[in-house]
Every structure is written in structure tokens, then in C-alpha cells.
Amino acid sequence: MRIKYGRSIFVIIVCVVLGILLALQMSNLNRRSRSRDSLQELQNSIIEYQKKNQELDQRNDQLYNYIRTLENELSGSETGAIAKIIEEKESFAIFAGLRKVENEGLIITLSSKAPARMRDSVLRQFTNELASLGAQAVSINGERKVATTEIRAVDDQILINGVRFDRNGTFEIRAIVDPDTIDNYVIPYLENVKAAILQELTGENWTITIKHELKVVIPALSEDRISYQKDLLFPVE
Amino acid sequence: MKDKEIERNAKTKNRNSRSSAASKVRTIFNNPVYWLLFVLLLFVGVSIAAMIDSIGQESEEDEVNRLYEQAENELNSLILNNDTLLRQQKNLENERRDLLDTLALDTARPDLLVELEEARLLAGQEAVTGQGLVITLQDKEDYDFLIDSSDALIHDGTITHVLNLLAGSGARAMSFNDIRITALPQIYCIGPTILYYSRRMTPPYIILAIGPPEEMQEALHSDRYLQRITSLDVGIRMTIEKGQITVPSFSEYDDYRKFINQLEVTRSED
Numbered sequence: 041m042r043i044k045y046g047r048s049i050f051v052i053i054v055c056v057v058l059g060i061l062l063a064l065q066m067s068n069l070n071r072r073s074r075s076r077d078s079l080q081e082l083q084n085s086i087i088e089y090q091k092k093n094q095e096l097d098q099r100n101d102q103l104y105n106y107i108r109t110l111e112n113e114l115s116g117s118e119t120g121a122i123a124k125i126i127e128e129k130e131s132f133a134i135f136a137g138l139r140k141v142e143n144e145g146l147i148i149t150l151s152s153k154a155p156a157r158m159r160d161s162v163l164r165q166f167t168n169e170l171a172s173l174g175a176q177a178v179s180i181n182g183e184r185k186v187a188t189t190e191i192r193a194v195d196d197q198i199l200i201n202g203v204r205f206d207r208n209g210t211f212e213i214r215a216i217v218d219p220d221t222i223d224n225y226v227i228p229y230l231e232n233v234k235a236a237i238l239q240e241l242t243g244e245n246w247t248i249t250i251k252h253e254l255k256v257v258i259p260a261l262s263e264d265r266i267s268y269q270k271d272l273l274f275p276v277e
Numbered sequence: 009m010k011d012k013e014i015e016r017n018a019k020t021k022n023r024n025s026r027s028s029a030a031s032k033v034r035t036i037f038n039n040p041v042y043w044l045l046f047v048l049l050l051f052v053g054v055s056i057a058a059m060i061d062s063i064g065q066e067s068e069e070d071e072v073n074r075l076y077e078q079a080e081n082e083l084n085s086l087i088l089n090n091d092t093l094l095r096q097q098k099n100l101e102n103e104r105r106d107l108l109d110t111l112a113l114d115t116a117r118p119d120l121l122v123e124l125e126e127a128r129l130l131a132g133q134e135a136v137t138g139q140g141l142v143i144t145l146q147d148k149e150d151y152d153f154l155i156d157s158s159d160a161l162i163h164d165g166t167i168t169h170v171l172n173l174l175a176g177s178g179a180r181a182m183s184f185n186d187i188r189i190t191a192l193p194q195i196y197c198i199g200p201t202i203l204y205y206s207r208r209m210t211p212p213y214i215i216l217a218i219g220p221p222e223e224m225q226e227a228l229h230s231d232r233y234l235q236r237i238t239s240l241d242v243g244i245r246m247t248i249e250k251g252q253i254t255v256p257s258f259s260e261y262d263d264y265r266k267f268i269n270q271l272e273v274t275r276s277e278d
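Protein chains in written order, with our numbering: chain R, 41 to 277; chain H, 9 to 278.
It should be emphasised that the hints constitute simulated quantities derived from the structure, not laboratory data.
Here the structure is a predicted model, which is why all the values come from computation and not from measurement.
Note that the Cβ used here is the ideal one computed from N, Cα and C, for glycine as well.
Some clues are possibly wrong.
[Unchecked claim] Straight-line C-alpha distance at most 30 Å; calculated BS3-like pairs for lysine-lysine:
hint, chain 1, residue 1, chain 2, residue 2
1, R, 153, R, 251
2, R, 91, H, 266
3, R, 91, R, 124
4, R, 92, R, 124
5, H, 98, H, 250
6, H, 98, R, 92
7, R, 270, H, 98
8, H, 266, R, 92
9, H, 266, R, 124
10, H, 98, R, 124
11, R, 270, H, 266
12, H, 266, H, 98
13, R, 251, H, 266
[To be verified] Partial list, derived from the structure: chain R residues whose beta carbon lies under 8 Å from chain H:
hint, residue
14, 57
15, 58
16, 64
17, 99
18, 100
19, 107
20, 111
21, 114
22, 125
23, 129
24, 191
25, 192
26, 216
27, 272
[As the list claims (entries may be wrong)] Stretch-level coverage of chain H by chain R, calculated; a stretch enters the list once three of its residues show a Cβ under 8 Å from a Cβ in chain R:
hint, region
28, 43–49
29, 194–205
The shape of chain R in the complex, shown without the other chains (with noise of 0.2 Å):
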């Protein structure tokens, strides 16, 4: 009877060692897992930020600065704020695409030849592949990208922004991107994305140049668009 009790007690103490030295194990590999590679990923995280902080507070200040100037204007002590406000409408009305814009870019200009028709998928990669090079300003057969501009294939017509073109035809993307990037970066990007989609339509009859220029000028988005519709949006007091 006591073998047996002084057996169990010792199986206890041995699970109870063994417990702790499996939890010590544990922590140990807690601790192993906050690796290199994770502090990298955390000090990246600091650097964004940091930059963006340092970003929201310069745009608080000028903030700040414009309220003043309004205040100014409406006691009577100063007369800015006309130009201000145009000046921030103007900005405004660049990023949404509402304004005509030239700068150094590139166009991309592509055609099929029958049976091969145009394929929206095709001008939409291409075009997605230009904003996330940072592309500002895009346009396709002079309709200008926008938030809401729809690229869609609808039997033998391409809808873009509601507007029809034909399939046969040939299609020009025009794109102002950073002129330093444009030969070093953003070409040969292009190109190896050029080649991935011709290799994909093997057999197709496609033409696809891309070319630099110097003066590229992208349309601003026409009034009588869809994409200028703003009537179900309600600002948010």
C-alpha cells in the first residue's frame, strides 16, 4: 500500500516538474518568436507613423491658418480668403479629376486585329497597374479615370464612363507619372506587363507600344458624365 502511494506521489511530482519545464519551454518560445524579422516590421511600422503624423500636423497648421484667415475676413481685418478658397477648390477639383492637366508621361497605345476584339480586362490592368505606380492623372481614349469610372466590355463596344468606343478600334491610355521613375521604373515594368498579356492571348493579333513623352495632356472628366453624379452622397456633419 505504500509502494504504491510513494508511486504515485513520485509520477505527481515528476508531471508538476514537468509542467513548469514545459511552460518555461513555452515562454521561451514566446519570447524566440518576437524574431528579427518582427522588430523590422515593427520599426517600419514607427517610420509610417511617424511620417504620417508629421504630415497631419502640417496639414492641422495650415489648417489652423486658414480658419484664421476666414475669421479675419469676417471681422473686416483682412481680405485672403476669397484666394484661399479658390486655391483649395482648385486642388480639389485636380484630385477628383475635374480639371484638364499635362505634364511628362507615357502612352500606351494598343489595337487587335479581327477576330481579336479590344478586351476590358486588358485596359484595366493596364490601368490599375499605373495607379499603383503612382500614376496622377490617367485617361483612356480622352475619358479621363475618376473615382467611379467603369472600363466594360459590353458585346462590341467598351463602355468607359458611360461613353461607347469600338472594340475594333484602337485604344490610347495617356498617363502623367513622376518623369524620374518613367524610364528606369515604370517602362520596363510596363513592358514585362505587356509581354505577360501577349503571351496570355497567344494567338491573338494584338499591337501594344508604349511610348514616353515629353508633353502628355489628360481631359478633365466632362460634366455630363455619370461619374460627375453626386446626388446620393450626404456629407457627414
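Use these hints to put chain H onto chain R, whose structure you have.
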């Protein structure tokens, strides 16, 4: 004769003792408690060995841990600071709007303020509310790259495809995981995550769209690509909810001006 007897006794003793040792070993092998003890002691041994092995590495790990905790604290305080700055920005925006409203009554250019508000709305610089859809997209449950196709994961192309469908069916404002969709949204895949501008997104991916709910829902339901990837064969999970939604302003994420610094406004007719 006596000697022979003694020898026989010794042999018998020896045989008996050998058979008792063998029976003892048999008892040990048959007793589960001994097996349990054996396994437990083996674990204890391995654990002690692993601990002894890790003693030398402690100092480097401690250093990494110390730096990690420091970085974590710094990041937390930066996040807090960011929240404060965003709140401050909202207050200043409200103050600015109130002043503009007051000025509209006094100034000779009330049309200018209407144009400003219009540009602000279309530029996505104002949080807006309205009827619309909440679309939630998730990868296939328990995705296994050895068995499942890559279509069972959500890619940048899946998101831009949905945004294009929504735009085509009348969406007026959209956001992706709480960041407003702009004219040229920078959405791309990085490994199993999606980067939108500089923010790394992981599932669930939530797209908000203000616009005609029925038309937008119909466009999503009738799309062949979405039908295929949400089928049981592929396994992408998509839910659509209708209701009153609020789409955030892009200013809550970033300053728009750095995205237009290469653009020169032209009035030429070429």
C-alpha cells in the same frame, strides 16, 4: 556426493533467481505506470537539455526582446498621437465649414462655396453617407495551397473587379477597408496580403459603396467571374448587405496633395 548436491542446489538457485529477474522485467513491461514514468522522465530530460541549450542564447534574445518592447511602446504612443491629430483635424474641418457657411451669407461669391463643396465631394475629401452596400470578401476557409487553386484567394484584381462593377452600376462613393477609393487607387498584392496605398490589408476585405443598392447588388450577383469564384468549387466567401452606410473621407488616411504634385493645370485646347 555432497559436492554434487551442492552444485545442483546452486544451479537451481541460479535458475530460480534468473527466472525471478525475468519475471520482474516482465512485470515492469506490463505495468503502465512504469511506461508513464519512462515517457515523463524522457520529456523532463529533453526539456532540461533544451533549457541548457538555450542558456547561451539568452543574452541576444533578451536584447531583441528589450528592443521589441521599446518599439512596441513607441508605436503605441505614435498611434495615440495619430488619433489625437485626426480628432484635431476633424474639429478644424468642422470649424472651417462653419466659417465658410457664415462667410457664404456675407460674401458676394456664394457660388464659389458651392463649387468648393462640389469639388470636395468629388475629390473624396468629405465623409459621406447614403444608401448602399457593404460587401465582405474572404479567402476560402482553411485554404491549402497544395490542394486549392490560387483563385480561392482574394487578389488585387478581385478587389478592382468588384469596384469596377460597383462603379458601372452607379456607385457614387466607395471605400476599401476604411480608406476612400480615389481616382487612381494604388491597390496591389504583396504575398497573401493586399496593399492599399501604404496600408497592408488582410481578410476580411470590406468594400462600402454608396449608390443604388438594387442595381449594385444585381451587378454583383449576375457577374460570371464572381459567380465562379464564389462557387463551392472555388470557395471565396462573399456577403452583401444593404443599408445606410458612411464612407470615410480620404483625408482621414492621407494628404491628397502629394498625389497631384506632378499635375499642371492647362487651359490650352490641344
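Quick rundown of the hints versus the structure:
1. 153(R) x 251(R): holds, 21 Å
2. 91(R) x 266(H): Holds - the C-alpha atoms of residue 266(H) and residue 91(R) are around 13 Å apart, at most 30 Å.
3. 91(R) x 124(R): holds, 26 Å
4. 92(R) x 124(R): Status holds; Cα separation ~24 Å.
5. 98(H) x 250(H): holds, 28 Å
6. 98(H) x 92(R): This hinted pair holds, its Cα atoms lying about 16 Å apart.
7. 270(R) x 98(H): holds, 22 Å
8. 266(H) x 92(R): Holds, at about 12 Å.
9. 266(H) x 124(R): holds, 18 Å
10. 98(H) x 124(R): Holds, at roughly 19 Å.
11. 270(R) x 266(H): holds, 25 Å
12. 266(H) x 98(H): OK: residue 266(H) and residue 98(H) at ~20 Å, within 30 Å.
13. 251(R) x 266(H): holds, 25 Å
14. 57: At about 6 Å, which falls below the 8 Å cut-off, the nearest Cβ of chain H leaves the hint on residue 57(R) intact, so it holds.
15. 58: The hint holds - residue 58(R) has a Cβ within 8 Å of chain H, the shortest such distance being about 5 Å.
16. 64: holds, 7 Å
17. 99: Given a least distance of 5 Å, the restraint on residue 99(R) holds.
18. 100: Check passed: Cβ of residue 100(R) comes within 5 Å of chain H, closer than 8 Å.
19. 107: Since chain H brings a Cβ to about 6 Å from residue 107(R), closer than 8 Å, the hint holds.
20. 111: With a minimum Cβ separation of about 7 Å from chain H (threshold 8 Å), the hint on residue 111(R) holds.
21. 114: holds, 6 Å
22. 125: Status holds, d = 6 Å.
23. 129: holds, 4 Å
24. 191: holds, 6 Å
25. 192: holds, 5 Å
26. 216: Holds. Min distance 6 Å.
27. 272: holds, 5 Å
28. 43–49: holds (count 4)
29. 194–205: With 3 residues in contact (Cβ-Cβ under 8 Å with chain R), the coverage given for the region 194–205 of chain H holds.
In the structure shown, no violation is registered for any of the earlier numbered hints.
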